[in-house]
Amino acid sequence: MTGLPAASTEMARTESTSTEAACHSAQRAGLPRLEAQLLLLHALGRQPHERAWLLAHGDAPLPSTAAQRYHALCARRLSGEPLAYLSGQREFYGLALQIDARVLDPRPDTETLVDWALELLPLGQAVPVLDLGTGSGAIALALQQQRPLAQVWALDASLDALEVARANAARLRLPLRLRHGHWLRGWPKAAGSPPAQADPGSALPPLDEPHTPPAALGLIVSNPPYIRAADPHLPALRHEPQQALVAGPDGLDDLREIIASARAHLQPGGWLLLEHGWDQADAVAALLRTHGYQSVTHRLDLAGHRRCSGGQQAPA
Numbered sequence: 001m002t003g004l005p006a007a008s009t010e011m012a013r014t015e016s017t018s019t020e021a022a023c024h025s026a027q028r029a030g031l032p033r034l035e036a037q038l039l040l041l042h043a044l045g046r047q048p049h050e051r052a053w054l055l056a057h058g059d060a061p062l063p064s065t066a067a068q069r070y071h072a073l074c075a076r077r078l079s080g081e082p083l084a085y086l087s088g089q090r091e092f093y094g095l096a097l098q099i100d101a102r103v104l105d106p107r108p109d110t111e112t113l114v115d116w117a118l119e120l121l122p123l124g125q126a127v128p129v130l131d132l133g134t135g136s137g138a139i140a141l142a143l144q145q146q147r148p149l150a151q152v153w154a155l156d157a158s159l160d161a162l163e164v165a166r167a168n169a170a171r172l173r174l175p176l177r178l179r180h181g182h183w184l185r186g187w188p189k190a191a192g193s194p195p196a197q198a199d200p201g202s203a204l205p206p207l208d209e210p211h212t213p214p215a216a217l218g219l220i221v222s223n224p225p226y227i228r229a230a231d232p233h234l235p236a237l238r239h240e241p242q243q244a245l246v247a248g249p250d251g252l253d254d255l256r257e258i259i260a261s262a263r264a265h266l267q268p269g270g271w272l273l274l275e276h277g278w279d280q281a282d283a284v285a286a287l288l289r290t291h292g293y294q295s296v297t298h299r300l301d302l303a304g305h306r307r308c309s310g311g312q313q314a315p316a
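The sequence shown lines up with residues 1 to 316 when you count with the working numbering.
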């Protein structure tokens, strides 16, 4: 593999390589130690939580088939493919999610959005919640797991993404309600709102979902596409679905649509919470205020950036 040292190439060819030597070879090729260990565990058919096994069995011989698999995984990771796509797993808010190239790899910063949503969702109440652009279902499933009585809906324009979300919900035994659609087009509107505009996508089957979507939601959350079309970092994200990343020249196209339409679907006092780019907080706050949201505020991500913004529908 281009970019791997000779020691790593040899690792894929011999049965005499130990697990520790294989891991060191991957590190010399440029992988961080943790990633090298996690990929080695995956190549061995072990789980991410078994890192202690690697430390205790560093001199264990690595079978040639596992060595070849490990070499291929390292090559793909060094080419920029997300670790979660290679292992098929990503932990998010304590949930072990199955992830593949049909959906974005959930980022730790998105847990900020979940934290904020949980602050607003009381325990023991059946609040209707909608996660727009659910992808793998990470946000929706975290909310459903933490607030079991909440009625959490997950919507996405991609049927492939909804299949991933459905598989995660089934495996985690969480009652997620899935819906196919493009943002809020065709979603029922709360009483007193203008009639919903017809949208061809809204006529598509709701994945056999037997429940009727609630017209008045207590909370809408979304981590929509927000990267600028000409962003120089996009090539580094080439392995992930571009339609889930890019949102027009300024990265605000989808945020504009969601903000403009969400108030018509919120209960009095309901909230809209959004993730966005680290430098988009002022623009998003201005959009929220322009469209009549109250109590507009922000939440900081792990790096201290204003990563999430939200606003409230006027209370009754």
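To be clear, the hints were calculated from the coordinates, so they are not data collected in a lab. Keep in mind it's a predicted model, so treat the numbers as computed, not measured. C-beta: ideal position from N, C-alpha, C; glycine also. Wrong hints could be hidden among the right ones.
To be verified - Label-pair restraints from in silico Cβ distances:
1. GLY292 to PRO108: 27 to 37 Å
2. ASP282 to HIS233: 31 to 41 Å
3. LEU118 to SER64: 40 to 50 Å
4. LEU118 to PRO188: 20 to 30 Å
5. GLY292 to GLN68: 58 to 68 Å
6. SER79 to GLU20: 40 to 50 Å
Here is how each hint holds up against the structure:
no., hint, verdict
1, GLY292 to PRO108: 27 to 37 Å, "32 Å, holds"
2, ASP282 to HIS233: 31 to 41 Å, "21 Å, violated"
3, LEU118 to SER64: 40 to 50 Å, "48 Å, holds"
4, LEU118 to PRO188: 20 to 30 Å, "25 Å, holds"
5, GLY292 to GLN68: 58 to 68 Å, "59 Å, holds"
6, SER79 to GLU20: 40 to 50 Å, "25 Å, violated"
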